[in-house]
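**Q** Chains as they are written, first to last, in my numbering: chain R, 1 to 124; chain W, 1 to 398.
Hints were generated in silico from the structure; no laboratory data involved.
Where is the CB? At the ideal position from N, CA and C, for every residue including glycine.
One should not assume that every hint holds.
[Claimed, not checked] Chain R side only, calculated, beta carbon under 10 angstroms to chain W, not exhaustive:
no.	residue
1	T30
2	R33
3	R35
4	L37
5	P56
6	Q86
7	C91
8	Q93
9	N100
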Amino acid sequence: MKFGTMLGDLTISLFSKPSTERYPFERSETPERLRGLLIWHPEKCIGCGLCAKDCPAGALDVIVLDKESKKYQLRYYPDRCIFCGQCVYSCRQGCLEMSNEKWELAALDRSAFEIIYGECLENE
Amino acid sequence: MSEVGKRESFTIPIGPQHPALKEPEHFLISVDGEIVTDAVVRLGYAHRGIEKAVESRTWVQSLYMLERICGICSHIHAMAYCLGVEQLAGVEVPPRAQAIRVLVAELERIHSHLLWFGVSAHEAGFDTLFMYTWRDREKVMDLLEGFSGNRVNYSVNVLGGVKFDIDDAQAIAIREAVSFLEERTHHYLDVVTKDTMFLQRTRGIGVMTRSQAEVLGTVGPTARASNVYREIRVEAPYAAYDKYPVKIILDNRGDLEARFVVRLTELFESYRIILEILETLPDGDLTTRIPRRIKAGETVSRVEAPRGELFYFIKSNGSDTPERIRARTPTICNMMSVMKLLVGHQLADVPMILAGIDPCFSCNDRMVALNRGRNKEQLLTWEALRQYGIDYYKRRSD
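Same shape as in the complex, but just chain R (with noise of 0.2 angstroms):
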């Protein structure tokens, strides 16, 4: 009986795929509330630079282009963000949120690791 059992499961493993996901030629779904790279929107922020000051990995600077016409940058290394998402509840406009999609941060470049976010709004 048990012999019977093992050579079922051996036949159904002879010829079934691997169970273990093959990436990167496929990529399982990422959960909904996935921690990933961190995204600016900046039409509501008002430079209050709270996210900065949380931030517990030093990830964040806030600067100020102009103060009056409420021009801000936001400069983001993702290799330092540990991700833990406290600079998204800090914000209280709500213009901070961390994408699920974009999770393959890996570079080879230093560049990389540093965006900054809104210069195009100094080119204006």
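Mind docking chain W on chain R? Use the hints.
**A** The following block gives chain W in isolation, referenced to the frame of chain R:
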């Protein structure tokens, strides 16, 4: 060569890098033939200075630093800290937040116990069991990832509440996973108590009597397996445990088998509490406002981590940074019992007895002042300590 008939004692150094355990720790084990006659442990290889580091961080930043003391029970560290700070600030946390904290703590306990179960099965040479338990553990990991967005270091806590709410889809997923795991745990309990090969590695090994367990100051499931009534969730309920009472699991045998049975039976309690919380989750806010500067004062916060009592001492001087935070983790309380229990056992039982307390060395490694019996106080100034460090490395490089 020694004379014929004359026995010679050998000392076997194990670690800090060794194949048996995943974390660095040094054990010096004296053996007479195969029998252990003495065991000494040297801790501190994973000391990271976290307690000192939080003194230069704000209360909010410290939360994430302390969460990283342990990768397996990260939530319970953050929870102990939050409960302490909220107590200092005199803030009442909404009941829904407290219930969610307990829910995540119990999910974490399931994941921690299953992880430990797999590791100890691996130490016993029962790798099939290791594979199965870790496969089942993935269910809990997925739940935690779905709920918080991260597999480890969930960052569910914030000062004054929790970040994430539980929705219907997640409640359904949790119920499904819990009913699956409950069935599996019945099977594992069967394996642990009936499998003859496995029992040879656990039954009657590392027996610790009740009085020994009390004298050695053991905590958590290790103590409860020796019939010591020690469980913070029961003795001093924190967060929402007063609304969801826990039944204490005790065993009077005190051997490794009892430790397996106690931990696995505890899982059923966790399943029950999780289902109960999902049924009766109170409505309301998730957070309450907490000041950035915490009132001056000091407090202690005790919680039941998966490995035993976790103790936090928190002192504030009224500023936005903590003045002193001290964490005492369960492994350091249990470690001394291992050194006693090893004596008289076979060398091959050493990894099993060590795994029996569910050691977590990175939790364990913090500053400890030893009273070496000379009763002499030793106080180093910052300059003297710096000079000591320089001299120490100079001596080593010579």
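**Q** The structure should be examined with respect to each hint, and the outcome stated for every one.
**A** Hints, one by one, checked against the model:
1. T30: Interface hint status for R/T30: holds (9 angstroms vs cutoff 10 angstroms).
2. R33: holds, 4 angstroms
3. R35: Holds - the Cβ of R/R35 comes within 10 angstroms of chain W, reaching about 4 angstroms at its closest.
4. L37: Violated: closest Cβ of chain W sits about 13 angstroms from R/L37, beyond 10 angstroms.
5. P56: Holds: closest Cβ of chain W sits about 4 angstroms from R/P56, inside 10 angstroms.
6. Q86: holds, 6 angstroms
7. C91: violated, 13 angstroms
8. Q93: violated, 17 angstroms
9. N100: holds, 8 angstroms
Hint check: violations occur at hints 4, 7 and 8; the rest are consistent with the structure.
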